[in-house]
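Protein chains in written order, with my numbering: chain W, 1 to 255; chain P, 1 to 255.
Derived by calculation from the structure, the hints in this document are not laboratory data.
The beta carbon of each residue, even a glycine, is placed where N, CA and C say it ideally should be.
Accuracy of the hints is not assured; some may be wrong.
Ranges of calculated distance between the beta carbons of each label pair, as one might list FRET restraints [what the hints assert, rightly or not]:
id, chain 1, residue 1, chain 2, residue 2, range
1, P, R168, W, E179, 28 to 38 Å
2, W, E74, P, M209, 47 to 57 Å
3, P, T245, W, E179, 42 to 52 Å
4, P, M209, W, R21, 43 to 53 Å
There are 2 protein chains.
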Amino acid sequence: MKIALLVAYDGTGFRGFARQRNTKVRTVQGVLEERLSHLLRRDVVTTGAGRTDAGVHAWGQVVSFEAPVAAEPEWVKTRLNRWLAPDVVVRAAVFAGESFDARFSARRRMYEYAVYEADVVNPFLERFAVHVSEKLDVRAMRWAARALIGEHDFASFCRSGEGSTTRRLRSVSFVRRDERLVIRVVADSFCQQMVRSIVGTLLEVGRGMRAATDIGRVLEARERAEAAPVAPAKGLRLVGVEYGTNPFRIASPTP
Amino acid sequence: MKIALLVAYDGTGFRGFARQRNTKVRTVQGVLEERLSHLLRRDVVTTGAGRTDAGVHAWGQVVSFEAPVAAEPEWVKTRLNRWLAPDVVVRAAVFAGESFDARFSARRRMYEYAVYEADVVNPFLERFAVHVSEKLDVRAMRWAARALIGEHDFASFCRSGEGSTTRRLRSVSFVRRDERLVIRVVADSFCQQMVRSIVGTLLEVGRGMRAATDIGRVLEARERAEAAPVAPAKGLRLVGVEYGTNPFRIASPTP
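Looking at chain W on its own, in the form it has when it is part of the complex:
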């Protein structure tokens, strides 16, 4: 039976989501597979919807695996949480159809990047958001982001050495939530470091270091060096993944 897990994690203490075989490196997928294998008494191999980088968090990561028929999702959830919370939390666990695959069945991924504008650092926001000491020009950032919407070759915003860098970006929106400015980015899929490259570049626009009209030129250059350095990992969070049929019965409000 296929089981799907809806997983939240604080990425601070992890070297990213993806397992790294034959190393002692702590990854989210690594601890999940280790605990699942222990629990189900067989080697469990999982698939994740998004391969988040070291230090990146998740609220709605989706992980699927093939389980023995005997394994009840609720029991798996309870046992995993007993071991892994609060760093990694299984928010929901359900049986999914045999053809379900957390990665290949996913239609869209939604990421959020949080920054906060303040005179000094705020100890209560620091862990999951990035401090910006000046006021950002959000209008200019919003304007700049429009050039990125649609299907493009995002080579300028992808870590080099990958295969195809053509992606379909659905939306970039800006929301004020509590004291944070949240930049929400939705795409069918992302290349590595894509959200952080986009956000890094948009932040340069917001700070007045780069013209809003510059973004189109960066995109067309297809040169990683044209975009800004990646924004820090800790501001980024995978908030949700969309499937043709949502395997979970719960909505995904973002905290």
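Starting from the known structure of chain W, arrange chain P on it as the hints suggest.
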């Protein structure tokens, strides 16, 4: 010249606010005095408005000390932040009148205690709030809290072995903020563990383990054993201190 600092800190890594002489124990006052002494090239002794316990946080702690005339508050603030942020952050630094004392000039202290009601632990809230797996009966908690308002002997809610345990409690209010329920408690001053004892007892009321009417009896008993165990330190935050004249020119919105 007297200098007053408005200080925020993440108490997770500290054994409380108060310095502990002749030990290696890390406290907020300890690191502040160590850095101030280094900066001003003389032994600096500080006074704090609230002696928060190990693991308790602050957004608006106030710290005062006598400084050489040469020390500019803004310079002190910048230098301290360079060393201590993001664990400890000086939000503002000003000259205060000679008679100002962060502790003895304080008229009121405001604390906030944060809990969140959810099926499973939330990795993004865990650091500064306490998880409650059931829905709390906030009406009953509000009703129960009314018995505590005014001047009373709070012996049932104070750590034993202290002197007078008579305090004047000004208000207990309940606010929903984001996904958290915030219990805000204001008093002229507090005895040790008072907020956490009150919150621990109110949470038992909210969970239906104790009748709302029971609180008056607990108060009158003047017996620590009558109240509930203290609520965990991490949910508590000193949010602000009130003086006859506010030495800082900035307001204290609570994050």
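*Output the numbers, in ascending order, of every earlier hint that fails for this structure.*
Structure breaks hints 2, 3.
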